[in-house]
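Undergrad: Using the hints, position chain B against chain A.
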Amino acid sequence: MKLIRNRKTVVAVVVLLFFVAPFLPSWLLFLLTIAFAKGLVVLGVVLLLRADLVSFGQGLYYASGAYAVGIALRAGLPVYDALALVVLGVAATTVVAAILGLFIARYRGIFFGMLSTAFSMILYSLLVKLRWLSGGTDGIPVHATTFVGLEISADTVRLIQYYFVLGLATVAVVTTYRVTHSPLGYLMQAIRENEIRVEYMGASVRRAIYRNYVLAGALGGLGGALTAVTVGHISPDMSYWTVSGEFVFVALFGGIGSVFAPLFASVVFEFVRSYAIKISPYTWQMLLGGVLLVIVLVAPGGLWSLVERLRGAMTRRAPQTSKHVDIRAVTAEHS
Amino acid sequence: MDEVVIVTLNGVLFASYLFLVSAGLTFIYGVMRILNVAHGSLYGLGAYMGAWLVLRLWPGGSGGLAPAWSYLALLLGGVFVGVTVGPLLERTLIRRVADRGEVMSLILTFAVFLILEDVMKLIWGVNPYLADMPYSMLGSIRLAGVSYPVYQCLLPLLALIAAAWMWFVVNRTRFGKLIIAVIADRDVSGALGVNVPRIYTFAFTVGAVLAAVGGAFVAPMSSVVPGISVEVIILAFAVTTIGGLGSVPGAGIGAILVGLLRAIAVQRWPEFDLFVVYALMALVLLLKPRGLFGGVEVRRI
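Residue numbers (my numbering), protein chains in the order written: chain A, 1 to 335; chain B, 1 to 301.
Chain A on its own, in the form it takes in the complex (with noise of 0.2 Å):
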């Protein structure tokens, strides 16, 4: 985890991935840039998760993102350049984010997870029915003709969309550490510790679950977007309920201590899925069921919890006592 807080380390992973780009083939460079999309729609997930909100929905802002941007050019809006298109995606998540906030940043718990997923059936379900609108289960072919400027050819479209992705996808990660490191981002800690003492501060905790969730929505809706000009094709998939689960899933996976290990979570996870799949398809799932339990058994903190304990146990040789005991789970048992 330290060497992720590192910001010495961070940026020299961003010059790395910078620099060592065009000598990687065309097929990694994709599923970085793929990795690096979800990895924003995640960091969003993982901003809720700090105040121990979960949201089984955020397929949701994934999907508006993506459809603003298809639907935009479905209609022969005359924008062809991937960073107008993105810029759209993202404003019209962020509206759509304001108005579902207003509702939804007054509930918690289970409760909140089941009014995000409610949210994001709706539009699934209409994206699968409103064909006119949105191609139904076909979706919608998507083609930026330039990004920021720059034509693109066959050789070079895959290192263009990753640098494309590589530079909002930095400017988006530098946002958000500038929102969790600031008095809006401590408050949300403060909530997950005990929300009703950080009423009696006097703060809004409606106020900040509302700002939290609204920057949420806007970075599943760049996810989206540029999930939609890189691959070039969009279905209503994405705003169903076992996408949203996937990004919880990799939330959990990299843990919420850092804003940069939801993108690094990605990353692994897009390289073990492309590898599982093709080397056993039937266990695909099984594999992430498995990792799923034993970070909920094991390692709430993520993996990277689990890595740190054992580098710590290792170096003090002295046994982990930091269990977490319940009173209630003794009597239960005892019982």
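Misleading hints may appear alongside valid ones.
Stated by the list, open to error - 35 Å max Cα-Cα, derived DSBU-like pairs, lysine-lysine: (1) B/K121 x A/K278; (2) B/K288 x B/K177; (3) A/K129 x B/K288; (4) A/K129 x B/K121; (5) A/K129 x A/K278.
No wet-lab data here; the hints were simulated from the structure.
TA: Here is chain B on its own, set in the frame of chain A:
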């Protein structure tokens, strides 16, 4: 006139299906405060088991036994899945997160759901199972001027039996009394000598049996394919949220509401058949977050 009959019949059919899949979900939540995503998998396992048994015992639609026994095979297949997988899950995994809050249990059961998705693929493969013998054998009858498959009348009957069975278990058995005590106050019940872990296992198994039997009996109406659990669980979530999490009568009302509404939508505005379900779910959550029949939660500081 025909339209009204068709909408009612379809609505009742869909409502029975919804009740069968959501009654167990809401029951488990009511007793254990666990929102069980893996409930959909139990439905899927039941459906596969039912279809597989029918195809195995009556290959090509005929076999050594009289075809009428296929209904018993469906029932036993579902019950078998429920009483084996249910306690196994509860004892090994669900129990471990019972004290770590509802959100944790949601994530854990999601993990179990993912694993069981592939377990089904590994056991039964990915080709569809079409075991329609119990369905087509009964033919159809004329109901109020509309031709209607007899098997589809069985499903509402099954839902009624399930509701009656649950009512009996909770209100007329010793276990039911203990369940009510545990719902009211788990710690005090435990202190007074109630074996709370056993009540949990029992309640979870009841829910699991309902889901699996529901799956087994729905199987003959359509082919069983990978991914059926995915669709079922999200619908069951909608129904239980509308009715109020933890309330079995609420699940009944929710199922009837959603069933009729969707039947009307299918007839009148087919573009919006799924939309109405989730829009109703969101609307109920916005106006009455604990559902139409949910209790009031005391906020603990």
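Undergrad: None of the hints should be skipped; say for each whether it holds.
TA: Outcome of the hint check:
no.	hint	in the structure
1	B/K121 x A/K278	holds (16 Å)
2	B/K288 x B/K177	holds (29 Å)
3	A/K129 x B/K288	holds (28 Å)
4	A/K129 x B/K121	holds (29 Å)
5	A/K129 x A/K278	holds (33 Å)
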